[in-house]
Every structure is written in structure tokens, then in C-alpha cells.
Amino acid sequence: NFHTSGDPIDGYDELKAAITALPSALLPDISEMVFSTDETVLADKLRNMNGYFLLLEYGAIKGEKGISGGRSFAISLAVTVGHPSDKKNTDIMAESLMMDKCLSLLMAIVAQMEDDNFELCGNSRFMEGSLNIAPAEPTLLYNNMGWVASFNKNENMM
Numbered sequence: 009n010f011h012t013s014g015d016p017i018d019g020y021d022e023l024k025a026a027i028t029a030l031p032s033a034l035l036p037d038i039s040e041m042v043f044s045t046d047e048t049v050l051a052d053k054l055r056n057m058n059g060y061f062l063l064l065e066y067g068a069i070k071g072e073k074g075i076s077g078g079r080s081f082a083i084s085l086a087v088t089v090g091h092p093s094d095k096k097n098t099d100i101m102a103e104s105l106m107m108d109k110c111l112s113l114l115m116a117i118v119a120q121m122e123d124d125n126f127e128l129c130g131n132s133r134f135m136e137g138s139l140n141i142a143p144a145e146p147t148l149l150y151n152n153m154g155w156v157a158s159f160n161k162n163e164n165m166m
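My numbering numbers the first residue of the sequence shown as 9 and each following residue consecutively.
Think of the hints as simulated: they come from the structure by calculation, not from any bench.
From the three backbone atoms N, C-alpha and C, an ideal C-beta is built for every residue, glycine too.
Treat the hints loosely; a few may be bogus.
[Said to hold, decoys possible] Think about it this way: if two alpha-carbon atoms lie no more than 35 Å apart in a straight line, the pair counts; the simulated DSBU-like pairs of lysine-lysine are: (1) Lys109 to Lys73; (2) Lys109 to Lys96; (3) Lys53 to Lys70; (4) Lys24 to Lys161; (5) Lys24 to Lys109; (6) Lys161 to Lys70; (7) Lys70 to Lys24; (8) Lys161 to Lys53; (9) Lys161 to Lys73; (10) Lys96 to Lys161; (11) Lys70 to Lys96; (12) Lys24 to Lys53; (13) Lys109 to Lys53.
[Said to hold, decoys possible] Computed spacing ranges between beta-carbons, pair by pair: (14) Thr45 to Leu111: 37 to 45 Å; (15) Ala116 to Asp46: 26 to 34 Å; (16) Ile75 to Met115: 14 to 22 Å; (17) Gly59 to Leu148: 14 to 22 Å; (18) Asp123 to Ile69: 21 to 29 Å; (19) Met101 to Ile75: 50 to 58 Å; (20) Phe81 to Met101: 39 to 47 Å; (21) Pro16 to Phe81: 26 to 34 Å; (22) Tyr20 to Asp94: 30 to 38 Å.
Kindly produce the complete structure, drawing on both the sequences and the hints.
What follows is the structure, encoded as C-alpha cells:
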């Protein structure tokens with residue numbers, strides 16, 4: 009997933025070094041991570057998936073002014089674990105097993121994020137408040153199947 013070109017981006021080399029230094033994949037069943045704000049890039053990647061994948065989506069940012077003058081922000085995020093769906097070659101039982109695997113992988117991610125909440129310092133948390141988990145809409149995933157967890161990441165600015 010590291011294929012940058014052009015001008016260096018602040019923090020890119022540090023992020024790449026930290027990720028490539030991990031001793032092993034956190035979820036080896038997930039073969040691809042998809043993230044882009046470009047619909048064309050997303051469509052191309054999602055149409056060409058070959059295995060289980062992770063999709064990260066950013067939503068709206070909502071800010072509220074606090075009583076003490078600070079501001080807090082809630083960033084809407086969604087994490088999807090999906091798998092290609094080939095209706096010609098997949099029967100209902102195979103589809104059910106793939107959906108179960110997607111849900112199991114997504115729940116492992118959610119559990120790790122919950123655990124990580126307790127290790128963070130300060131006012132930042134990966135997830136706070138409600139968490140919504142639902143089946144992914146296949147047409148929005150370019151005919152891939154899977155599960156989506158949507159939540160808010162809160163940031164308090166003093």
C-alpha cells in the first residue's frame with residue numbers, strides 16, 4: 009500500500025517505517041486495505057479485490073464549543089471488512105460463510121480498538137458513544153459483500 013510519488017509528505021516515512029517494522033500482520037486474513045477520497049480510485053480498487061479487505065471511510069466532522077471555551081470535535085468514521093461477491097460461482101452457504109468471516113474480522117478490529125481506548129493518554133479515544141454494525145450495501149461496495157462498523161472519534165481541543 010506504500011506507492012507514493014512526487015513531493016514527500018510530512019510523516020509519510022515515519023508511518024511507513026512504523027508499519028513495516030511490525031513483527032507480523034495484525035489480521036493476516038485481510039489482504040488489502042483501501043482508503044481514498046477519490047471515488048475513481050475507490051471504485052477501481054473495490055472492483056478488483058481478490059480476498060478479504062479493510063475499507064476506511066471518513067465522514068463529517070462536528071464541532072461544539074465547550075463551557076470553558078475549548079472546542080470538541082466528533083469525526084464520523086466507518087470501517088468495513090468485505091470480500092468479493094461472485095454471484096455466478098457462490099452459493100448461499102458459501103456466501104453465508106464469507107459474511108460470517110467478515111463479521112468475525114470486523115469484531116476483532118472493534119475489540120482491538122476498544123482495548124486501545126484504554127491505552128491512550130489525554131482526551132482522545134478511537135471510539136466513544138454508540139457503535140453501529142450493519143451489513144454493507146453491495147452496490148455501494150461495487151458488488152462486494154461485508155459488514156460495516158460506524159462510530160465517532162472524539163477529539164477535545166483545549
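Violated hints - listed by number, lowest first | 1, 10, 11, 14, 16
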